[in-house]
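Participant: Read off the chains here:
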Amino acid sequence: MTSLAAFYNSSVGKKVLMSLTGLFLCTFLVEHVVGNLLVFKGPEVFNAYSEFMVANPVIRTVEFILFAALFIHPFFGFVVWLQNRRTRPQDYRVYRLKDNTPLAARHTMFTGSVVLFFLVVHLRMFFIPTRFAEVKPSSYALVQEAFSNAWYTGFYIVALVILGYHLRHGFQSAFQTLGLRNKQYAGLIDLVAAVFWLVIPLGFATIPVYFYYFQRLAPAVMAVGAH
Amino acid sequence: MNLTLHVWRQKNASSAGAFKTYSATNVSPDMSFLEMLDVVNAGLVKKGEEPIAFDHDCREGICGSCGMMINGRAHGPGRGAATCQLHMRSFKDGDTVVIEPWRAKPFPVIKDLIVDRSAFDRIMEAGGYVSAKTGGIPDGNAVPVPKPDADEAFDAAACIGCGACVAACPNSSAMLFVSAKVSHLALLPQGQVERKERVLRMVEQMDEEGFGNCSNNYACEAECPKEISVTHIARMNREYLRAKLT
Amino acid sequence: MKLESNIPSGPIDKKWSNHRFSMKLVNPANKRKYTVVVVGTGLAGASAAASLAELGYNVIALCYHESPRRAHSIAAQGGINAPKNYSNDGDSVYRLFYDTVKGGDYRAREANVYRLAEVSGSIIDQCVAQGVPFARDYAGYLDNRSFGGAQVARTFYARGQTGQQLLLGAYSALCRQIDAGKVKFFDRREMLELVVVDGQARGIVARNLRTGAMESYAGEAVVLATGGYGNVFYLSTNAKASNATAIWRAYKKGAFFANPCYTQIHPTCIPVSGSHQSKLTLMSESLRNDGRVWVPKRQGDTRKPADIPENERDYYLERLYPSFGNLVPRDVASRRAKEMCDEGRGVGPTKLAVYLDFAEALQRLGTEVIRERYGNLFDMYKLITAEDPYKTPMRIYPAIHYTMGGLWVDYNLMSTIPGLFVIGEANFSDHGANRLGASALMQGLADGYFILPYTIGDYLSTMKSKPVKNDAPEFKAEERSVDDRVRKILKVNGSRTVDEIHRDLGKIMWDDVGMARNAKGLRNALEKIPELRKQFWEEVKVTGSGSDLNMELEKAGRVADFLELGELVARDALHRDESCGGHFREEYQTDEGEAKRNDKKFAYVAAWEFAGEKKAPRLNQEKLVFEEVHLTQRSYK
Ligand SMILES: Cc1cc2nc3c(=O)[nH]c(=O)nc-3n(C[C@H](O)[C@H](O)[C@H](O)COP(=O)(O)OP(=O)(O)OC[C@H]3O[C@@H](n4cnc5c(N)ncnc54)[C@H](O)[C@@H]3O)c2cc1C
Ligand code: HEM
Ligand code: HEM
Ligand code: SF4
Ligand code: F3S
Ligand code: FES
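Chains as they are written, first to last, in the numbering used here: chain H, 1 to 227; chain F, 1 to 246; chain D, 1 to 637.
Rather than coming from a laboratory, the hints here were simulated on the basis of the structure. Owing to the predicted nature of the structure, the values given are computational and were not obtained by experimental measurement. One should not assume that every hint holds.
Counterexamples of contact, computed for chain H against chain F with all Cβ distances above 12 Å [stated by the list, open to error]:
(1) Leu37
(2) Ala69
(3) Trp81
(4) Asp99
(5) Met109
(6) Phe132
(7) Ala223
The calculated lysine-lysine pairs, modelled on DSSO-like cross-linking and capped at a C-alpha distance of 30 Å, are [as the list claims (entries may be wrong)]:
(8) Lys600/D / Lys14/D
(9) Lys528/D / Lys133/F
(10) Lys47/F / Lys528/D
Glycine residues also receive a C-beta, built at the ideal position from the N, C-alpha and C atoms.
Using the sequences provided together with the hints, build the complete structure.
Facilitator: Right, dumping it as structure tokens:
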């Protein structure tokens, strides 16, 4: 087996691959939240940003890596999760894992799967139209339309909370897997992690909240007030 | 005090095994957990039944023989203590105690609470050593070792090989045990020459034995009787990457 | 049979080097033709098996533990001695030799002790090279500390777990040889019989503890590295499973048993807290470097230690021994502690304890330094007693700890049975009547790494005998006899558990053959033990079968042998009308309560020879000649 294949076949190797893809996805999240917050600058700026994303060749190539990561990470996540389920054929009658391990760490497969489901829904709503529809709709319009629907908005909020949990464990775990975490830096890593599991999801959440509020709630309140 | 025990009984590796209930009567708080089991066993023998089989020897938390899951916690409710260092003052009258063996595929049950941990020995045989032949070696003080490195190496070398990390880990991973030895020898000048082969062969053997992958739950560090830190796992990951990439 | 110790001639510091030159060597190519069966993989066994395999011999190693890393050596705490003189305080090979002979109360062979001191330096080098994380000073060099009885700092240590780290070093060397296929290792096998063919030890019969099957292992030489027999006292600091079956079987096959009455008591153990107590926990002697031992001046003073003012405290070791103070050797410290309790000045719930106080040291050195030196010992004490040594004085009391006695061996570590070698705590060799702190680890590793690999070659190259396979009739016969013995134990089905009977034996041994012995008590023991043995074979109850893992059955076999060994210990103690080291007879003490030796009559090794089940064993004497160290009354004043 070539040494590269052996690497990814080994337990440590599989995890390193997940950490690299996980951290790469984290960098994408930073770019994506900043980009999407432009929506508050009005349709022209946001649509220009969106077209730029579609047109720019560098972005398109990075996009290829992004989708590769979005395939590799969950795939190995699943492989690792499955292997780990087979290491204890006879379960404990009493097993107090929660005394030793936080919630976020115990359910990365669940939180990851929810994020995957979110991505499927999300890409169908935003990515497909901006790339493949004959008539390219304005991204701003897509956002407005998407977050006028209560269910859709609610689902985004929930998904973002769960993404937060995924990264609450994931971010520092990636540094541990890459061997970049020790007693001195653990505190610093946790601080930076807070950007990813708290600040970024909050940043994303302002968009559905804002649009749903101004398209659905405010008019409804105004209507009630008017009688 | 009196306690109700639900203890896993299993005749041998091939038979199924099940929980049996026993009562431990007038237990003194100063007794150790194993001494309580001794008293229960004495009662069983007197009644003509087979005593509960469990591994033990030093009874002072250094040999690593003892180990059982007590109410869902490896080595019981305490921190930084092996089963034999757990005292009955951690329980109160009327408590129910569920006692199970370490559960992990690489640790098949031999009998009742005794499991086969020879997988650990095979991992050690794969690379947990410095190939220093007897004789023909330099004076002990020939190579000074910075005190912090020697102290950290000692912390890692304090592992007693009890297997609680594997038992407590949701993935039955042996990373803490294996990384303790890799990290111990990586920190010392004597371990430098074989650094690369050691980590590769030990991780390979670990995977072959059927242990799980580490998803950094840190339950092992929490349950380790010698409180060995997961920074040693991080160091082993570094060693592994260094071995693969250089 | 005349005891031939084979001590080489020549000046003391040349004996070993001359001997190594004169010994015949096995040609490297022939080495793989010889199989050596090593029983026991503690410090002595693991180091021997690894070193022999490295030389090219074909090695079979086995132990009753599940892994070599569980051997009782793991529990050693204090440290290991070596005359490296890194501390520049005047230590030398000769001084270590002198201290050990003197500390052993002039009952050891000078030649063996000198060789031990001579090779012990390279043990430290070997362990450092294996990656043993010894304590270092701030310049990165090996740190030393002084240890009970020594006036130089010659003890190397790894915090409070020196034994563990040295054993892990030897274990790692053994693992390398197992991986290389040079050592075939068998776990969970208990040797129950020695097989002698044509007068030579050619193998053993061991019971596979998981299946109950009797397995034979044949070779050209057998090495016993099976540890000490301290558990004949039931309560001791030894691990629960430590036993004397291996050496006792060899004794009954003709290997003489030397000085069984030399049993050592460790002064600083956690006192018994109740009848359920299964084992005594040792607190490392290094605590005596900074702790001060005291008891209340008044009898029956039940006040809490903090409430007893300085002037009502009796720091009795400092009072009685101005120069050594709290660092007097183990036997002196233990006896004095018992004396204090017998005078009714004992402390704690059972009144059987003395205080070991760190208050003064904590002020002098500060908590951090004390934590650095004794952190894990204080934590262990707190775990067991729920009392915090940083705040209130520890309570300690002596307990059985080490056995200087063991199978008799000559200068080549070979017993009276040709081909049967005995190393580590299982042999009698180097500590005389009293082992100094931190020298058992030294002896075990010296035997395993640097002595046996030489001396076994001399025997193998000269033994002329036909190859014997493990299915030979002698092996088959022994397998059957061991099987019968196991069946006999299972058939008794009496009313008493093994532990109950073992506890009774322990009580007899502790009361009559313990710290302070006298003729009346010893005769009482010699009466009571045979009675208890008879009761064992009528009343022991072992449930379960002989054909799967049965720990009660294992214990029964070991206690059956302890019941015979205990009698020999009492017999040896009765015959030795003097006091020396660990053997203290109340009838023979100086007016200051010191051990009074009778060098004229008793400067010899008492080697007992088995003479049949019903007959008393025969005493053989090996005269001890002291040319280097002059026989003086041991004084630590
Ligand atoms: C609590 C404690 C603290 C100590 N502290 C120190 C110290 O600080 N410094 C010091 O120098 N010494 C110390 N000692 C003494 C020292 O640890 C021992 O003397 C030494 O380790 C003995 O090593 P060994 O290899 O001879 O035997 P052990 O380490 O006891 O090994 C015996 C081996 O033989 C095997 N075995 C026994 N019987 C059989 C059988 N019938 N069949 C198969 N296998 C068998 C066992 O499985 C084991 O592997 C201490 C001892 C104790 C108990
Ligand atoms: C709730 C706030 C979000 C909004 C308004 C939003 C909006 C958009 C839009 C308009 C696009 C289409 C093209 C582009 O601009 O790149 C897009 C693409 C994408 N989004 Fe989001 N997004 C949000 C949250 C998320 C989250 C939380 C994730 C990750 C889990 C995510 C992952 C992606 C990916 C992978 C793509 C396709 C890759 C690309 O072409 O850039 N988005 N998003
Ligand atoms: C944008 C989205 C995502 C980001 C930023 C992300 C990030 C991360 C990071 C940084 C880790 C830590 C890696 C390690 O433990 O070393 C991780 C782990 C994990 N991720 Fe993701 N992830 C994302 C999406 C997903 C998806 C869609 C899945 C689908 C299954 C998933 C499943 C997992 C699993 C199972 C783990 C734990 C693996 C283990 O340690 O055992 N993740 N993720
Ligand atoms: S790392 Fe800790 S829990 Fe795991 S085997 Fe070693 S001592 Fe036991
Ligand atoms: S609990 Fe298991 S997942 Fe890793 S950090 Fe410890 S081995
Ligand atoms: S019995 Fe030795 S660690 Fe518990």
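Participant: Against each hint, give a clear statement of whether it holds in the structure.
Facilitator: Now the hints, each set against the structure:
1. Leu37: 31 Å, holds
2. Ala69: 18 Å, holds
3. Trp81: 8 Å, violated
4. Asp99: Violated, since 6 Å does not exceed 12 Å.
5. Met109: 9 Å, violated
6. Phe132: Correct as stated: the minimum Cβ-Cβ distance to chain F is 37 Å, above 12 Å.
7. Ala223: The claim stands: Ala223/H keeps its Cβ more than 12 Å from every Cβ of chain F (closest is about 51 Å).
8. Lys600/D / Lys14/D: 28 Å, holds
9. Lys528/D / Lys133/F: Violated - the C-alpha atoms of Lys133/F and Lys528/D are around 51 Å apart, more than 30 Å.
10. Lys47/F / Lys528/D: The hint holds at about 28 Å.
When held up to the earlier numbered hints, the structure conflicts with 3, 4, 5 and 9 and fits the remainder.
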